[in-house]
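Q: Please build the complex by placing chain B on the supplied structure of chain A, with the hints as guidance.
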Amino acid sequence: MSGHGKSMNLTLHVWRQKNAKDKGRFVTYQARSVSPDMSFLEMLDVVNEELTQKGEEPIAFDHDCREGICGTCSIVVNGRPHGPRARTTACQLHMRTFKDGDALVIEPWRARAFQVVKDLIVDRGALDVIIAAGGFVSMQTGSAPDGNAIPVPKTDAELAMDAAACIGCGACVAACPNASAMLFTGAKVSQMALLPQGQPERYLRVRKMVAAMDDAGFGNCTNHGECEAACPKGIKLDVIARMNRDYLKAILMGAEESQGGGVG
Amino acid sequence: MELKANIPSGPIAQKWSKHRFDMKLVNPANKRKYSVIVVGSGLAGGAGAASMAELGYNVKCFCYQDSARRAHSIAAQGGINASKNYQNDGDSVWRLFYDTVKGGDFRAREANVYRLAELSVNIIDQCVAQGVPFAREYGGTLANRSFGGALVSRTFYARGQTGQQLLLGAYSALMRQVGAGQVKMFPRHEMLELVVIDGRARGIVARDMITGKLETHLADAVVLATGGYGNVFYLATYAKGCNGTAIWRSYKKGAAFANPCYTQIHPTCIPVHGDYQSKLTLMSESLRNDGRIWVPKKAGENRPAHQIPEEERDYYLERKYPTYGNLAPRDISSRAAKQVCDEGRGVGPTGLGVYLDFADSIQRLGAEKIGEKYGNLFEMYERITDEDPYKVPMRIFPASHYTMGGLWVDYNLMSTIPGLLVGGEANFSDHGANRLGASALMQGLADGYFVLPYTVGHYLASTRLDKVDETHPEARAAVAAVDERMKTLLSMKGKRTVTSFHRELGKIMWEHCGMGRNKAGLEQALQKIPALREEFWKNLNVPGSADDLNQSLEMAGRVADFLDLGELMCQDALEREESCGGHFREEYQTAEGEALRDDERFCHVAAWEYAGEGKKPIRNVEPLVFEDVPLQTRSYK
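Protein sequences, first through last, are from chains A and B. According to the working numbering, the first sequence is numbered sequentially starting from 2. According to the working numbering, the second sequence is numbered sequentially starting from 439.
It is worth saying that the hints were derived from the structure and are not from the lab. Positions of the beta carbon are idealized from the N, C-alpha and C atoms, including for glycine. Heads up, some of the hints might be wrong.
Unchecked claim - Part of the chain A face toward chain B, derived, beta carbon under 10 Å:
no., residue
1, Ala21
2, Pro37
3, Ser40
4, Leu42
5, Glu43
6, Asp46
7, Glu57
8, Ala61
9, Glu68
10, Gly69
11, Leu94
12, Val123
13, Asp124
14, Gly148
15, Leu160
16, Asp163
Isolated chain A, as found in the complex (with noise of 0.2 Å):
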């Protein structure tokens, strides 16, 4: 913001795909004058802004709040879901982060249950069915306790925080040689597990959970920890771990609809 670093001149490799039925492939574009206090989606912006005047179709990437937190950008940068920066979006990736003459491989997430829409979008829609076949409380609105009346311990809520900070970006997924969603099924699993108020539908919500993420086509975890290298919001493998001992629970307990209350 201060100004400081002069201006850069990078090369994008950026992947094109009219829509979902089409090749697709690599087109080489120019980005002239970059200044570091630029984010990387306003370094796209202006080489947009150029395409158009040229009439060329922009390139058409996902985006909304830019601060990190709605989880609607889904880039690839060389290789890494949201870029190099640990722990960072690629709407909050500064072009600080990068020098002058950079080539930068950019590309959507790419993942069997994530279909390419087009260039950089993708169709994310089977996170929203693994949340719907489980993902909340069953409770009718208006039958809530008094928000006091069950005490939740301070490292519990804390614990479950840390889990419900997924923003669903889907970087996990992206950055997963198996192409798992297990990192964002679990931190759900696991804030949910962690509260009493997820308690009388822990081990159904886990096993519905699961299935929905097999039937779309996620892959499984074998212990690779990318998901957690590319999270940007820092979710730990623990989520996972805590959703296999439930899930094995489950299996052990038979948790069927008739034990669990009404998931679904």
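A: Relative to chain A, chain B alone:
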């Protein structure tokens, strides 16, 4: 146009419970025969869609994002107010009501505000039961913090991500209903027209943003929860996609637009730093609990902050408003920041910034404690500015953040088009001319969980609706109008991009209809905007086609509506010859530079009615009556 507020009779504290009894109910077995469209999936829309589906209505919910979970409510940081009085510090429903009416500078509707304060306690219960991980004390009870415009500690929070957690709570309830087949979600769909049949809202025309297909969706009632229109300023804390199209299209179909000039300029945002900048980022008001705002005493100071000795600093909020200090309400804090910058005492490379300094708190509480409270905000600040707020003071400046104005609604949240209800930021009713911090989340969820499910039912139970389908001439006309518009936008192939028009509009609005407004400036804006619009419709360049994902085309439609909406804002600001809350007309101020209301002439809601293309809209008036919080000059000194 007749504006019937439909405020229930009786003492204010009993209005809502009396009204709940008086409202008609739909037989549980008949609820499945009704369908409701909800546009928007944020706090108001998501909570409303979920709650109505739980009751048994068939709900269709639309959002432009790729998932309901991404609505911009998610970005709210600081917290949500509720008059629980868990802190034993003198809070009550009445006090929250009082603070909100006063905070809104006596331009809100008393009965709505009271209901909001009353429902605030249910919201917290609801969210806790959903598994929202609010901050807790060591004993396991809920923690609170303070926010601007209040002397009690009534704000509940989840680190600096309260909006995210509340939205994910509503989203989980919504997805539960999606799983149950009671809600059908339409992500990446944008509402582009309202369908009005026989004077009632009966549906929408939405564009599938992937295929470009225009779809007609019909229902028995339509709920808009599409958020605010602050992106009219181009640079704002809103998400890039936030827009005013749904409410603007509805305005043109007969829904009155109330107080469009009431916009909130939030005092603590990261300052602008370049021409390429695409948005502004908020730094939560909660930071003012521990951060002190100051500028150098002398103009043109160029030493870095740490070299400026204590006696040469002006902690201007603490000086001017000793009772509320750094927690003065947003409108007042923003204006004070503008004032010191106008005096040449602003900091940073542009001179448009003030310090928000944590040095004292870090010394008192330790960096760790501060990190626990605000860690994610400090990190976000550092990502953007490359400066570490643990070491150097933050630099902040006001930015467009919220719009108190919106579609006019009665006590039932019904617009002037029967069957069209409006919730959350998209309506106008609860915040008057200035919204207090941590009240937006409260209002969105109150409308969604606890008001709309009742009032929509009441409307359905008391209305006879004919069956209609897509072949109805009104539905066909609505589709044709959208189609025509798209074609026009694509066909000009002019020389300027959508963004360049949006930026220019934003500059006009910020300069003439921003933190300070005056007659001459507004009149100038009312010249410049139509000229810009004329150029827009001749010289716009939108690449691509309409039957494909086309982000330029999406933006073009939104900016076209902002060009109209911005003009109405300026008109409203020009005709409101007083200062109140966020609407500061420079001609009307006290000797000390505070807002000077004119209750004789302007103690009312201005509800604008569309009069046809090229005609001046009609300004209707709903008088505001203050029986329970008597009109007084707002003071935070």
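Q: So which of the earlier hints does this model not fit?
A: none
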